[in-house]
Structure formats: structure tokens, C-alpha cells
Amino acid sequence: MSDGQVTLKHVTKSFDGSQFAVQDASVTIEQGEFFVLVGPSGCGKSTMLRMIAGLEELTAGEIHMHGRLSNDLSPSKRELSMVFQNYALYPHLTVEENILFGLKVRKVSKQEQRRRCDEAVDMLGMREYLKRKPRELSGGQRQRVALARAVVSQMPICLMDEPLSNLDAKLRAQMRTEIRQLQQELGITMIYVTHDQVEAMTMADRMMVLRQGEVQQVGRPLDLYNHPANDFVASFIGAPPMNLTTATVDNSGTLHVPGAPRPLVMDQPLPAEQEVQLGIRPEHLHLEPQEDSDWELPVHLQTVEVLGNETLLTMDAGGADWKAKIPGQWSLEAKRQAVLYLNSSHLHLFALDNGKNIGASLSAPVQEEVTL
Amino acid sequence: MRKSLLYTLLTISALVMFFPILYAFSVSFMTSEDIANRQIVPTNPTLANYYDVLQSVPILHYLMNSFIVASTATLGMLIVSSLAAFIFAFIPFRGRQAVFLLFISTLLIPWEATMIPNFLTIQSLGWMNNYLALTVPFFALAFGTFLLRQHFKTVPMELYEASRVEGLSHFQFFYKVVVPYAKTSFVTLGIFGFLTTWNMYLWPLLVTTNDTVRTVQIGLRRLQADEVATNWGLVMAGVILVIVPTLILLAAGQKQLQKGLTKGAVK
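From first to last, the protein sequence lines are chains A and B. According to this note's numbering, the residues represented by the first sequence are 1 to 372, in order. According to this note's numbering, the residues represented by the second sequence are 1 to 267, in order.
Do not take every clue at face value.
Claimed, not checked - Straight-line alpha carbon distances no greater than 20 Å define the calculated EDC-like cross-link-like pairs of lysine to aspartate or glutamate that follow:
id, chain 1, residue 1, chain 2, residue 2
1, A, LYS104, B, ASP211
2, A, LYS356, A, GLU273
3, A, LYS356, A, ASP24
4, A, LYS131, A, ASP118
5, A, LYS77, B, GLU158
6, A, LYS110, A, GLU97
7, A, LYS335, A, GLU273
8, A, LYS107, A, ASP118
9, A, LYS356, A, ASP223
10, A, LYS9, A, GLU96
11, A, LYS356, A, GLU333
12, A, LYS325, A, ASP353
13, A, LYS77, B, ASP52
14, B, LYS176, A, GLU288
15, A, LYS77, A, GLU62
16, B, LYS176, A, GLU97
17, B, LYS183, A, GLU97
18, A, LYS77, A, GLU57
19, A, LYS133, B, GLU158
20, A, LYS335, A, ASP316
Since the hints were derived computationally from the structure, they do not count as laboratory data.
If we strip away everything but chain A, and leave its shape as in the complex, we get (with noise of 0.2 Å):
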């Protein structure tokens, strides 16, 4: 059974011959999952999101839709619905024959329209605005009939174009569980195209992240978050993004960050005279020793900022700025010295190079000869 199943193989485009807006993507979105798009603006992630749908041609490669080879296919045979960033309404119809147009030019029985309706209408808590034309509407209705239209379709794979990001935060935030609830109602595949890794993050149940038409990573939310493929994934993913500083391999395979007492041992020989990036997540860091704290950093503090619940640092750590996230209200002076503490293996090393992550796992040994 592969319906709503979509399998890209290669999937290339360039508008100009010269400039690739996807590289050689390759994935398979299984049927019935939340499959996030997700990187900066200018990545591909729309054009990716456009060739499954049909309306942008590829260069190269193949995508199967359904099992079947689909690169031919115009938009309306792929079986799928889509929602546009700007919705799309037709201005001229009103809510309701907006809602219902789709299943008129598929010739769907009058009887058939109207049970899928009341059932779209229903599920979205739309009925008393049935009547009016779309520019009678908030942001947050003309959102919910787009997202009715594509209810009524009833199409086994639903692709959506930053739906939410013409929404306030508040409304934003209310959306994102109604479109996760809706699509596992529905048990539909969905392939949810974002710029926010937030969204990304709260609703997919896979995520592939891009950077200039070039696939970074693909993976569960968490998988993402805890282990990064390289240092655009790590800092893109996470707010705030996480911390990198450059260190450097001395001959013996140990690693020196500029400004901290203690080297860092790894588990793998890596070439020596070689630098690295370091990274490391903003709630990782501490003020004050914890229990499985191995590791201390001087760094210089510049900001504080509290924020009720958590306080927010920004630091100069050995030249790099780093952030900090700590639970809790601290009221620290600003513009001095501090240490921070934090757990060796929560640390991670990128390539300074190409920004791989190297995969090695550090550990801090207490150094008795320094006492000498």
C-alpha cells in the first residue's frame, strides 16, 4: 500500500543552468507522516515543495507519488491538495462555494459536497461565516477555509506553503496544534513547508533541513537537536542556536580552547595542528557547578536579560559570541567575568572546513599535574 506515499530519487532543479535551487535530493515521505521542509529563505524548500506538486518542472531526477513514477503528471492528477501562504481564496466566491469549488470542477454529486462540507466546517468551527466573501475575513478565518479546502478534497497527501506565517505569534502558535491534530485525524501525509524552526520542531514528525538547495539533514525533531550532521543544522535548529567557538588539536590529540584552563581529551586521533569548531547548546551552560559538570570556561559576560521564568546570557567566549540559558531569574551584573560550568559530553565537534560533525566524544580529565 503506498498511497500517499512520495519518494523523491535525485531530485535536481536550476532556473538559470548554473545555479542549483535543489541538489540532488533524495528522501522518502512515507504515507501518514508530517514530513517538515525547513531552512532559510532562498533554500529550495518552496521550489521542493512546488516540483511535488507539479507546478515547477525538474531538471533531474524522479519523484513517485502513490507508488508511481510522477514527473509528467500535471498538478490535479497527483491527487493532493495544497494551501498557499496567501491562502488563495477566490475573491469573488464566498466562503462556502470557495470551500466547496474544487469538488464542482471534479464533478463530485451535490449530495457528496455537502456531507464533506458540514464535516470540514465542523472540524474547523467555521459554520457562522459560511457566507461571506473572503475579505470580510480575519487572517486566522481565511486560514481555516483554506485549510477546509483542503479538508473537502480528501486527498491522501496535503502540501502546505508556510501556511501560518501571515498569522500574529498568538494565532500562529493555536494553528500549529490545529493543523497536527487535523492531519492525524485525517491520517493524511502532509508535507509542510516552513522558514521557522519552531514549527519544524512542534510539528514534524520528520524534518529535512536545507541550505541552498542542498540537503543538510533529514530525521525526527530530536534526532536533529541532539545530533546535529554540521554546524548549519546545529545552529539553525534551537533558539537560541547553538554556541561554536573555534579550538585547536595539539600534536598529542588533545583540544585547546582559547581562554580555558583544561584541554579536552577525544575519543578519536584526529590529524594534530588541526582547528575545529566546538559547540555547544545555550541550556547546557551553567553558572554554577553541577553534578556532572566536568568542564569550566572563563568567559566575559555583556548581557543579561531575565525573562520570568529563564535568563538569557550573551558572553564573549574566547572571541566567539556564545549565549546562554538558564532556568530560573538571576539578577547578575552585566560587562564582567564569569565561569561557566558544563558537562564534557554535551559538547560538539564540527570540521572547520566543510562543518561535518566529526562524531568524536570529548572528556575532560582532571588534570592533578597542573598542581605541580
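Let chain A serve as the given structure and place chain B on it in line with the hints.
Same frame as chain A, now just chain B:
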């Protein structure tokens, strides 16, 4: 104070603008003596002029012809211009921009300059004294195509894409989405087209040699030329009869026309 001054000025200028029509209206009810005495209002209003017009020339026949010609030309123009505009706005093809520019550049050529070749074409097609000669040459209108294309261009691309996902053909998208979307432009162009063809004089005169398909504007000319001393009361009665349909059309379409014109101005 300022407002009353403004309205006084507006009223005066409206009277000046309307004077010819008002005077024609007045004259159409005058007797020959009144006209000779340069009366402003008829001393002895009479419908004789209207009666005479209907007697002396087949004015109703002319009006009918005009109506058929103007309606057909308007309808044809709307259909041809909108289809062309749709292609120029939505269907990409190689050299589209060049073809469009060529299309638009015909606006630079005065109608009179193309009159002789058009006449020869009509003659060789054997369309003399035929409604075809009066309507078909006006179907493809660069101005109309341009006006509609500009409005079609404001249709969000997402609507086009959404309709493709929903399985609409190009033509379904055209008449189910684009036409309702650009309704005001259609009304504007329709009124413009109707008035233009209604008021044509030279071309109908060229391609007709008898009364079968002649339009009312030529009929008016006939009222004037028949006698040595023109009966102006008769002519003005004819003029009023000719103006009425256009006035009705304008009054009916005014709201839409305004919407259409200002819409273009804002975007």
C-alpha cells in the same frame, strides 16, 4: 461658504457643457418659426418634428442597425480581447513579450491610416453592405487587450496554481476565476466599446452603399442634406433619439465604470 461657491461653479460649468444637448432637446420641440427667431425655449411645444423624423427617414431601422452593430462589435471585442489578454497574462510561450509589444504598438497607428487597406479587404471578402463589415474589424482591439491584460496581471499567481491543483483547465480558470475577478474592467471596456461603435461615422459610410445595414449616425446626416434649407427641428429630434440609448447605457453602467476607472488608477 467655500462649498456653495464650488457648487455654483460646478453647476455653471455643467450647464455650459450640457448646453448643446439641452438646446438640441429644446429645439427638437420647436416650430420652424421659433428656430428662425432664435428662441431658447419653444413658445409652442410640438411633437411634429419627431413625427416627421419617423416619416421622412427609416430612423427606427437605423437605430436597430446601430444597436445590432454596436452590441455585436462590443461582444466580439470583449471575447477576443479577453482571450488574447488571458494568453498574454497567464500562458507563457517563447516570444510572448515581443508579440505583446507588437500588439500594443498597433495603438500608435491611427485608424484613418489603416482605413484603405481595411476597406480593400472588406471589399475583396464581399462584405460590403453587410453587418460583418461593420463589426468584425473592431473585434481585435489593442486597447482592450491591454486594459484587460493589466487587470488580469493583478490576479495572484497562487490563484492560478490553486486552480491547477484543483484540476481546472485553462479555459475553466478563465471563465470561473479570471472573468469574475476582472468584472469591472469588462464593464468599462464594454461601455467604451459600445459608445465608440455607436458613434462611428466614417467607416459605416465607406462600407455601405444602401440603407440595409446603415447605422443611425449616417441617417442623421441624411436628415440634414436633403433640403437646401435644413429643418433643424427635424435634425435635433433625430439627434435626441440617437442620444437616448447611449445615455441610458451610461446611467446604468456609471457605477461600474467609475469602479473600473479608479481601480486602474490605484493599482
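> Of the hints given before, which are not true for this structure?
Replying inline: Checked against the structure, the hints that fail are numbers 1, 7, 10, 11, 12, 13 and 14, while the rest are satisfied.
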